[in-house]
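Asks: Please take these sequences and the hints and turn them into a complete structure.
Sequence lines, in order, name chains A and B.
Just so it is clear: in the first sequence, position 239 is 718 by the working numbering, and no numbers are missing.
Just so it is clear: in the second sequence, position 313 is 792 by the working numbering, and no numbers are missing.
No lab work stands behind these hints: they were computed from the structure.
Treat the hints with caution; some may be incorrect.
The list treats identical chains as one, so a pair stands whether inside a single copy or across any two.
Unchecked claim - Here are the simulated DSBU-like pairs of lysine-lysine, each with C-alpha atoms no more than 30 Å apart in a straight line: (1) 886 - 488; (2) 695 - 488; (3) 807 - 505; (4) 505 - 695.
Source: prediction; values computed, not measured.
2 protein chains.
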Amino acid sequence: MRVVDIIEKKRDNFVLTNEEISYVIKNYAEGNVPDYQMSALLMAIYFNGMTREETAALTKEMLNSGDVIDLSKLEGVKLDKHSTGGVGDKTSLVVGPLVAACGGKLAKMSGRGLGHTGGTLDKLEAIEGFNISIGEDDFFRQVNEIGVAIVGQTANLVPADKLLYALRDVTATVPSIPLIAASIMSKKLASGADKIVLDVKVGSGAFMENLEDAEKLAEAMVEIGDSFGKEVVAVLSNMDQPLGHAIGNAIEVREAIDTLQGNGPTDFQVLCVELATELLTLAGIENPKKKIATALENGDAYRKFVSMVDAQGGSVAQIASDSLPRAKEVIPYYPTENGYIVEIDTAEIGRAAMLLGAGRASKEDEIDMAVGLESFIKLGKKVSTDEAVIMIHSNGAVEEVVEVLNKAIKIGDMLVEKPIIYKKIRNS
Amino acid sequence: MRVVDIIEKKRDNFVLTNEEISYVIKNYAEGNVPDYQMSALLMAIYFNGMTREETAALTKEMLNSGDVIDLSKLEGVKLDKHSTGGVGDKTSLVVGPLVAACGGKLAKMSGRGLGHTGGTLDKLEAIEGFNISIGEDDFFRQVNEIGVAIVGQTANLVPADKLLYALRDVTATVPSIPLIAASIMSKKLASGADKIVLDVKVGSGAFMENLEDAEKLAEAMVEIGDSFGKEVVAVLSNMDQPLGHAIGNAIEVREAIDTLQGNGPTDFQVLCVELATELLTLAGIENPKKKIATALENGDAYRKFVSMVDAQGGSVAQIASDSLPRAKEVIPYYPTENGYIVEIDTAEIGRAAMLLGAGRASKEDEIDMAVGLESFIKLGKKVSTDEAVIMIHSNGAVEEVVEVLNKAIKIGDMLVEKPIIYKKIRNS
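Replies: Given below as structure tokens:
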């Protein structure tokens, strides 16, 4: 088998066999296939796509390039939840404890933020002492006892994806549906869950900017789940505006706590309830909506969060006393004109938070846990120049941030509104 | 400027600016752009093509990556001739002396053979002592005095093409019209000629297997010539059958000598006369057809060949005494059935000659100058199993060669004939 023949075959839009896909990915992961052949193949895949079978074979080979986590020490149905990433997306902080409070078991491995999107691990580390690298035994014990743990990925989870993603990033081959689907699903499958809920973000702050592409990605991921005999539900949700109000780290933890106590922003709460309902349904738990409502009302959800923080070494006192890091200044931001918000460049809103220090421009950057945006901008909101719509939590200059916000928020005279949830796609 | 943005732009089918093309090629040639980005860009070019302006910019940057030969020491119009490569293609050996005999000046840099195609330099080296690496001063003196010299390319002619071609070869990005056109034309333009005749082969023994692709390639090359202010004529010629009879090295030199004396195979002679006519016309020489006929008849063309051989250190005595290397055995090959030759896999005929030792499977292989095929197979020829159509000149076993020939020659009951010259495309 020669890699050049495999590239040529894909270039000419023939379907690759499982053996061919296996050969090229395995040898790439082992360093036997050079980057220049892989990038040519990736570009050919960008143009000609992959069939459902090809995508499954790719996922399988990526998955097998590293460790596959065995969750059999966990009792009951092992649930997992994944978001394709957005702005103000503190969903896991709420959904994890909420599902646990209703009897589900969520063994969650999360990532860090990069660019305009935040990361769950970064947010949790705003809590003093919170440990995202607990050992495997502690992880299993915690999930069995409390029902939820959120940790970082182990080093050797799908190493082929790390290599491929780094290569795609510099060769303009990132936005390919089968490559994205295989990348996400190989990691989810390697994480060992039985049933998975995918939060596929759609809009100006998401990886998939339009509904059509998001649907294709969701379908591809659900189909991969099917090929591996895993129940998968994809929830397509709105990312044409920041999710909830808070964008940052400590500030998002505070909003998650509010939401767990039943006082969250509507859009964020609706999404969390929806995702938790799907997870609980997959786990076979009855009356999930009612259980969720009760847990949010009677404090169970919040108490699960506190238990998780405690189990992972985080400071419960800091949470109880509402003394998470706070920025030195809170500066109001006023709209540039009167009217309705008709369009938001949500990625730019995320970038504004990054400029404050809430996120990373490159992997090496340090994060300022205190800063961020408290944003009340939503599509269709009526605004005026004398009423602040964003509170900028800052430890430094904000001129550039204000400029970015001015450009990112379009005000007009039309009333534009979009749903919170667009669609659900499932294989079960 | 970032290379990943340039790749993305081409991927999304936007037109690259001259600056972008210049940036990426220059930096690639200098080793600053990694192979993996270049191969992704090449694949994007494979899919989306290049405009005329982009192709010209690519050619210019490749050309500038190395030495550009200054032919100003040559008197009169500097002519060049290039073939895209075929089987039995000894055209330069005839066209060079023929043009010189009629008053033209051909300063020709040639290449070696690889795979099923032979190379002019290899053929000339069948003549004892023939030196293809004469110095620049000798080269100019010879062209000025005799009118023709055929030498190897200097080491630093278009180094970017060497790098790019090696990369294309292993990333399935060879068959892209703009890339092929820029590769050929950058070398032609770097060789310094004023006016160029391109012999674009079409058919089963050629790089371009169908007329449509060959036309596109010819147009692209003629357009590049136009962008550089050079008159270029492309002659699209038949490569659905071997050219002439001889396929090998010494054996092709003998056929070239016969042709220079007016006794060549019809198809080969027609092509040589056509190419020489175009070259002489470009040089502004009047009545070219008549001059050519005279030179072939009165021995002038042959004498120019002898002068060239002599000037480049080759043995004139060996030619005069017809003592070029000969194979130990000459074995007749008989058709497998009666009928007409309806199809020839000409590349496979070339490969049969290579198996005898007349060509190289890889760059390091040594050539046997004596061996080859004397083939009388032409499309439309009536054949019978009791009349040999090929004489195999061999220094070893021929079983495999016969098998290849059996498969390569299709016999049927239809009379298929194709022209020798399909079309001419020019910018003058």
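Asks: Decide, hint by hint, whether the structure agrees.
Replies: Hint by hint, here is what the structure shows:
no.: 1; hint: 886 - 488; verdict: between (45 Å within a copy, 24 Å between copies)
no.: 2; hint: 695 - 488; verdict: both (24 Å within a copy, 23 Å between copies)
no.: 3; hint: 807 - 505; verdict: neither (51 Å within a copy, 50 Å between copies)
no.: 4; hint: 505 - 695; verdict: within (27 Å within a copy, 39 Å between copies)
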